[in-house]
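Novice: Chains as they are written, first to last, in our numbering: chain A, 1 to 132; chain B, 1 to 97; chain C, 1 to 123.
Derived by calculation from the structure, the hints in this document are not laboratory data. Model, not experiment: these values are computed from the prediction. Hints are supplied without guarantee of correctness; some may be wrong.
In the DSS-like style, the derived pairs of lysine-lysine whose C-alpha atoms are separated by at most 27 Å in a straight line are [to be verified]:
{"#": "1", "chain 1": "B", "residue 1": "K49", "chain 2": "A", "residue 2": "K116"}
{"#": "2", "chain 1": "B", "residue 1": "K77", "chain 2": "B", "residue 2": "K47"}
{"#": "3", "chain 1": "A", "residue 1": "K121", "chain 2": "B", "residue 2": "K47"}
{"#": "4", "chain 1": "B", "residue 1": "K90", "chain 2": "A", "residue 2": "K94"}
Where chain B lies over chain A, by a calculated footprint (3+ residues, C-beta under 8 Å) [stated by the list, open to error]:
{"#": "5", "segment": "107–119"}
{"#": "6", "segment": "124–132"}
Note that CB positions come from ideal geometry on N, CA and C, so glycine has one too.
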Amino acid sequence: MANPEEIEESSDEIVKKMMFVMRKAPHGTINPYEGLEVMLIVAAYDQDLSAVFLDDGVYAIKKGQDPKEIGVKDFSTTFRVLPGYGIEKIYVEKESLENRGLTVEDLLLEVEVVDKSEVTKLMQEQDVLFPF
Amino acid sequence: MLFTVNKSPFLFGHLDSCLQYAIKDTPILLIEDGVYAASKGTSYEKKLKEALGKFEIYALGPDLKARGIASVIDGVKIVDYAGFVDLAEKHNVAPWI
Amino acid sequence: MGVKLKFGILILEGPYQHQSSDSAYNFAIAALEKGHEVSGVFLYNDGVNNATSFGDPPQDDRNVQEKWSKLAQEKGIDIVVCIAAGKRRGLIDDNLIKGTRISGLGQLTDLAISTDRLVTFGD
Chain A
1 MANPEEIEES
11 SDEIVKKMMF
21 VMRKAPHGTI
31 NPYEGLEVML
41 IVAAYDQDLS
51 AVFLDDGVYA
61 IKKGQDPKEI
71 GVKDFSTTFR
81 VLPGYGIEKI
91 YVEKESLENR
101 GLTVEDLLLE
111 VEVVDKSEVT
121 KLMQEQDVLF
131 PF
Chain B
1 MLFTVNKSPF
11 LFGHLDSCLQ
21 YAIKDTPILL
31 IEDGVYAASK
41 GTSYEKKLKE
51 ALGKFEIYAL
61 GPDLKARGIA
71 SVIDGVKIVD
81 YAGFVDLAEK
91 HNVAPWI
Chain C
1 MGVKLKFGIL
11 ILEGPYQHQS
21 SDSAYNFAIA
31 ALEKGHEVSG
41 VFLYNDGVNN
51 ATSFGDPPQD
61 DRNVQEKWSK
71 LAQEKGIDIV
81 VCIAAGKRRG
91 LIDDNLIKGT
101 RISGLGQLTD
111 LAISTDRLVT
121 FGD
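Construct the entire structure; sequences and hints are all you get.
Specialist: Have a look at this one:
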């Protein structure tokens, strides 16, 4: 974990709006997992953070994942800690969910469902977008 | 915001997805295999032309050249890496990778 | 010329397999040539493989790792390999190209905070 003293020195009270744009499915690639690791570190800095799950990204926070038999550690439930880490603004794009036959009941954390135009609006407000 | 798309539209849905999230006048820069979307005479041409009515679409010249794409759909602006930097200077980057 | 900006670059793919390392390199050079600052390059996911000193491509191919190493040394650009991603993939201090260093994701956060633009290349 990052050293809090270092953080205070280096970030100089600049607060940026940063959004994690999660578009990739879990397990097939490491993207959502290493994305989650970035979230957990960036969350230690006082920035204005949010995450949006869209396209296959919604699969990253789908309930019932059990990768034991493929020999991979389950990280999906770790997404649940995000609000506690200060990433409270978590959005899911409506059509991405619907196209995959999912509803918010299928997701393992509480999210705000937004449509595409809202996602665009949110993205435009950001200083930094992290794609995973 | 500048969207960058680096996948062929024939094999991947990245450009289709990007076109749904970009709003009017947003610049979209096709790089790497993304430039195949700018090529004339393909089944994607119609879709790209429709998109040109709504967005500014750019293609990275060195990537077109590398792939031997000489014939580019009218209205697509060709930029070099310096042009890519200019676009990124004006806009925050949304990598639709 | 226009305003001088600070760019940060994030690379998520390894060299050779995917073009993103070459794209990122060409972008960095173009930004420098236009008088911008490239404050740092952060290597994450398979992007850490851009910093391995074990690369030995055929003579008629470009040497991506060497290009990064030269850029770091000649232009003083801070190229950082993520420690967690690097360890997963066998990237440690002993097999790191010259001019680069290993550090944590805090460095990526600092880069995102301190630059005007973070530009990501990957697959």
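Novice: Now tell me, hint by hint, if it's right for this structure.
Specialist: Evaluation of the provided hints:
{"no.": "1", "hint": "K49/B <-> K116/A", "result": "22 Å, holds"}
{"no.": "2", "hint": "K77/B <-> K47/B", "result": "16 Å, holds"}
{"no.": "3", "hint": "K121/A <-> K47/B", "result": "24 Å, holds"}
{"no.": "4", "hint": "K90/B <-> K94/A", "result": "30 Å, violated"}
{"no.": "5", "hint": "107–119", "result": "holds (count 3)"}
{"no.": "6", "hint": "124–132", "result": "holds (count 6)"}
Hint 4 alone, counting from the list given before, is not met by this structure.
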